[in-house]
Amino acid sequence: MTSSAPQDPPLADNQGGGAPSRPKVGLFVTCLVDLFRPSVGFAAVKLMEDAGCTVEVPAAQTCCGQPAFNSGDRDDTRAIAASVIRAFEGYDYVVAPSGSCAGMLKKHYVELFEDDPAMKQRAEAFSARVFELVSFLTDVLGVSSVDARFEGTATYHDSCSGLRELGIQSQPRKLLATVDGLKLSEMRDSDVCCGFGGTFCVKYPDISNKIVGEKTRTIAETGADVLLAGDLGCLMNMAGKLKREGTAIEVRHVAEVLAGMTDKPAIGGGRR
Amino acid sequence: MQITSPGFKENARTALDDAPLQRALGNVRKGFIEKRAKASAALPEFDLLRDNARDIKDHVLAHLDLYLEAYAEKVEAAGGHVHWAETAEDARRIILEICRQKNARTVTKGKSMITEEIGLNDFLEEHAVAPVETDLGEYIIQLRGEHPSHIIAPAVHVNKDQVEADFRRVHTHLDPARNLEEPTTLLSEARAVLREKYFEADIGITGANFLIAETGTSVIVTNEGNGDLTQNLPKTHVVVASIEKIVPTLDDVSQILRVLARSATGQDMSVYTTFSTGPKRDIDPDGPEDYHVVLLDNGRSSMLGSEFQDMLRCIRCGACMNHCPVYHAVGGHAYGWVYPGPMGAVLTPSLMGVDKSGHLPNASTFCGRCESVCPMRIPLPKMMRHWREREFSRNLTPATARYGLGAWAFFAKRPALYQAATRLAMAVLGRLGRSKGRFSAMPLAGGWTKYRDLPAPEGETFQAQWAKRRTAA
Ligand code: SF4
Chain L
0 MTSSAPQDPP LADNQGGGAP SRPKVGLFVT CLVDLFRPSV GFAAVKLMED
50 AGCTVEVPAA QTCCGQPAFN SGDRDDTRAI AASVIRAFEG YDYVVAPSGS
100 CAGMLKKHYV ELFEDDPAMK QRAEAFSARV FELVSFLTDV LGVSSVDARF
150 EGTATYHDSC SGLRELGIQS QPRKLLATVD GLKLSEMRDS DVCCGFGGTF
200 CVKYPDISNK IVGEKTRTIA ETGADVLLAG DLGCLMNMAG KLKREGTAIE
250 VRHVAEVLAG MTDKPAIGGG RR
Chain E
0 MQITSPGFKE NARTALDDAP LQRALGNVRK GFIEKRAKAS AALPEFDLLR
50 DNARDIKDHV LAHLDLYLEA YAEKVEAAGG HVHWAETAED ARRIILEICR
100 QKNARTVTKG KSMITEEIGL NDFLEEHAVA PVETDLGEYI IQLRGEHPSH
150 IIAPAVHVNK DQVEADFRRV HTHLDPARNL EEPTTLLSEA RAVLREKYFE
200 ADIGITGANF LIAETGTSVI VTNEGNGDLT QNLPKTHVVV ASIEKIVPTL
250 DDVSQILRVL ARSATGQDMS VYTTFSTGPK RDIDPDGPED YHVVLLDNGR
300 SSMLGSEFQD MLRCIRCGAC MNHCPVYHAV GGHAYGWVYP GPMGAVLTPS
350 LMGVDKSGHL PNASTFCGRC ESVCPMRIPL PKMMRHWRER EFSRNLTPAT
400 ARYGLGAWAF FAKRPALYQA ATRLAMAVLG RLGRSKGRFS AMPLAGGWTK
450 YRDLPAPEGE TFQAQWAKRR TAA
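Residue numbers (numbering that gives the first Met the number 0), protein chains in the order written: chain L, 0 to 271; chain E, 0 to 472.
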């Protein structure tokens, strides 16, 4: 992995100006990675350690609170947010291997504390230190290439929150271009939703199915061997549909490929 | 019109099984999106214009009462009449009253979503006044006895063959040998029929895209020119518009117009942008002798100052639905009332109550594409979430969802307990799913496994593995 000077100075850090020489990162694992695909968490740890970070994983974390937030349950969301903010105070950065959870932490926590100025201030300081994994590597740490090999053709889906809340689009592609052996074949409409939408996919399964069906069609058209994205929710949705359709396309989180950790079975794939 | 929003799920199911509809929706998905993308990319200041447009409307909404008064004064000074309608019923009554005064039998109509909102056509017909839609799309769905499925392309759900069949059914003068296969021949046939109606009509009714406070002018944008004929040929012109259509000045209108057509159809400007101020003056060669404006509130003033105020910036360009994956999947009729797509998901609950339209703000993946293209920068997902909050606090959320959420939140707020419970559950699931790597059915997860497999967890949770790694280190 090589680093160049970061293009943009980090938004905030506790040392006042400039990235700390060995940044201390708190990994926000995300509930889906914790429960379903720990390998993504370990890939994230590896990528950040290789880039010179000290990575810790606060035990007092569960979920970012989106299921409650998007169901209109503000009180529970606020309680969860407060405990996340508390758990991650004292880190230079808070990094999540998910655009959706990072978006929640970065873009929505502050508005939860409109009526609580002290907490709002803490939320603001917290949000400024939150990043999604891949954009953290490229935009904050200045990572411009990775030391990984992957033999095959990949296609990349832009998950909605990462794309539209955090502007993540070029960063993963830039790093994927440096993976040995990997060829990227873009799908049509890579910026169109996969139909996951958290609880949406189980509340409106018929509509969700229609949307993910369009998505798997565009994926198949690329002829790729592997589908990559930066959000496990979307990946599980698309993997579940591809499997149901009987397609052989593998599905992985982009961090697994960037970290060169693709020895585990793919998402929804059995033991080889 | 019959409201079917409570049956959104069933409506959606029907729409998904409707093959011709699905083909028609494919055109929305491609055409509109590409055209908007091109038009916005060709204008370097497009995003600045969006900011500007937002600011203009925000300013108006902060002083709406003053601007409405100023507007009404100008209309009357120009010789027009202003009618204030608090409810849809008031608006219908006022319009019927004007029809009666004029002994009107036929009214021509320019395309207007507000008259859809107040259910004007059915009401007029019940009172022996024949409304004739003059916008081609509106004309087609009037023939079919339907309602618009899109706010700028009302007949987007209908295909060419269906239109031909409708024309042959209603235009009985048609020679069976006449070729109606091309959209252009359909258009000229409609033109020929409508041309006569313009002259027969006693009153022309139009909506308004904008009402200009400084001049008392109403503005419509169209592509067919039907609006001009509708408002100029009959003796009386009635404008029906909702109160938030106000903009302060002519200059403000020209700024917002620069984002309207680009966002809607990808045109730089619509073909016709028509300004009308009062009735015909002595120096005017033509125009209506009588000019009325019906200003409709219908619940909008209660949105002012609420978390839904931003919705009143909407200029009805349709970009949000053109870019919405849910709209692409089910089309406009599934939403069950006048306003479909993301803007409908916010506006409909405001106008008819969230108890009747609760599905609409819930049936969104929050992908955010609507907000990313809205020329007025309306935070549509955020406002849909506000509706979900209202539902949740009023206990309107379905019991099963509430219960599940409550149980989940209980654990999510207690990390130690959560980790102990999930460690066990994932170990079991991981073992069960290990060989295949996925489940094709799962109790309590039917919504997921009906259409897709559920990837199995790897087994040990990340937290459990991390704790081990730490103790080992
Ligand atoms: S909400 Fe925005 S995008 Fe949708 S119709 Fe209104 S102005 Fe257009």
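Hint data in this document are derived by calculation from the structure and do not stem from the laboratory.
None of these values were measured; they are calculated from a predicted model.
Warning: the hint list may mix true and false statements.
Derived pair list, reagent style SDA-like, types lysine to any residue, alpha-carbon separation capped at 20 Å [as the list claims (entries may be wrong)]: (1) L:Lys45 - E:Val427; (2) L:Lys173 - L:Thr198; (3) L:Lys173 - L:Asp205; (4) E:Lys435 - L:Pro264; (5) L:Lys202 - E:Lys8; (6) L:Lys119 - L:Arg77; (7) E:Lys412 - L:Ala58; (8) E:Lys412 - L:Pro264; (9) E:Lys73 - E:Gly265; (10) E:Lys159 - E:Ile139; (11) E:Lys435 - L:Glu244; (12) L:Lys45 - E:His82; (13) L:Lys202 - E:Ala406; (14) E:Lys435 - L:Thr246; (15) L:Lys202 - E:Gly445; (16) L:Lys202 - E:Ile139; (17) L:Lys45 - E:Ile139; (18) L:Lys263 - L:Thr246; (19) E:Lys234 - E:Lys381; (20) E:Lys8 - E:Ala472; (21) L:Lys182 - L:Asp205; (22) E:Lys37 - E:Gly265; (23) E:Lys381 - L:Glu123; (24) E:Lys467 - L:Pro57; (25) L:Lys182 - L:Arg172; (26) L:Lys202 - E:Leu404; (27) L:Lys106 - E:Ala444; (28) L:Lys263 - E:Lys435; (29) E:Lys234 - E:Phe274; (30) E:Lys29 - L:Arg148; (31) L:Lys202 - E:Phe274; (32) L:Lys202 - E:Gly403; (33) E:Lys8 - E:Lys355.
Structure-based check of each hint:
| no. | hint | verdict |
| --- | --- | --- |
| 1 | L:Lys45 - E:Val427 | violated (27 Å) |
| 2 | L:Lys173 - L:Thr198 | violated (32 Å) |
| 3 | L:Lys173 - L:Asp205 | violated (36 Å) |
| 4 | E:Lys435 - L:Pro264 | holds (10 Å) |
| 5 | L:Lys202 - E:Lys8 | holds (10 Å) |
| 6 | L:Lys119 - L:Arg77 | holds (11 Å) |
| 7 | E:Lys412 - L:Ala58 | holds (13 Å) |
| 8 | E:Lys412 - L:Pro264 | violated (32 Å) |
| 9 | E:Lys73 - E:Gly265 | violated (33 Å) |
| 10 | E:Lys159 - E:Ile139 | holds (11 Å) |
| 11 | E:Lys435 - L:Glu244 | holds (15 Å) |
| 12 | L:Lys45 - E:His82 | violated (69 Å) |
| 13 | L:Lys202 - E:Ala406 | holds (17 Å) |
| 14 | E:Lys435 - L:Thr246 | holds (14 Å) |
| 15 | L:Lys202 - E:Gly445 | holds (10 Å) |
| 16 | L:Lys202 - E:Ile139 | violated (35 Å) |
| 17 | L:Lys45 - E:Ile139 | violated (61 Å) |
| 18 | L:Lys263 - L:Thr246 | holds (19 Å) |
| 19 | E:Lys234 - E:Lys381 | violated (46 Å) |
| 20 | E:Lys8 - E:Ala472 | violated (53 Å) |
| 21 | L:Lys182 - L:Asp205 | violated (34 Å) |
| 22 | E:Lys37 - E:Gly265 | holds (7 Å) |
| 23 | E:Lys381 - L:Glu123 | holds (19 Å) |
| 24 | E:Lys467 - L:Pro57 | holds (14 Å) |
| 25 | L:Lys182 - L:Arg172 | holds (11 Å) |
| 26 | L:Lys202 - E:Leu404 | holds (13 Å) |
| 27 | L:Lys106 - E:Ala444 | violated (30 Å) |
| 28 | L:Lys263 - E:Lys435 | holds (13 Å) |
| 29 | E:Lys234 - E:Phe274 | holds (17 Å) |
| 30 | E:Lys29 - L:Arg148 | violated (37 Å) |
| 31 | L:Lys202 - E:Phe274 | violated (46 Å) |
| 32 | L:Lys202 - E:Gly403 | holds (12 Å) |
| 33 | E:Lys8 - E:Lys355 | holds (13 Å) |
Comparing the model with each numbered hint stated earlier shows that hints 1, 2, 3, 8, 9, 12, 16, 17, 19, 20, 21, 27, 30, 31 do not hold.
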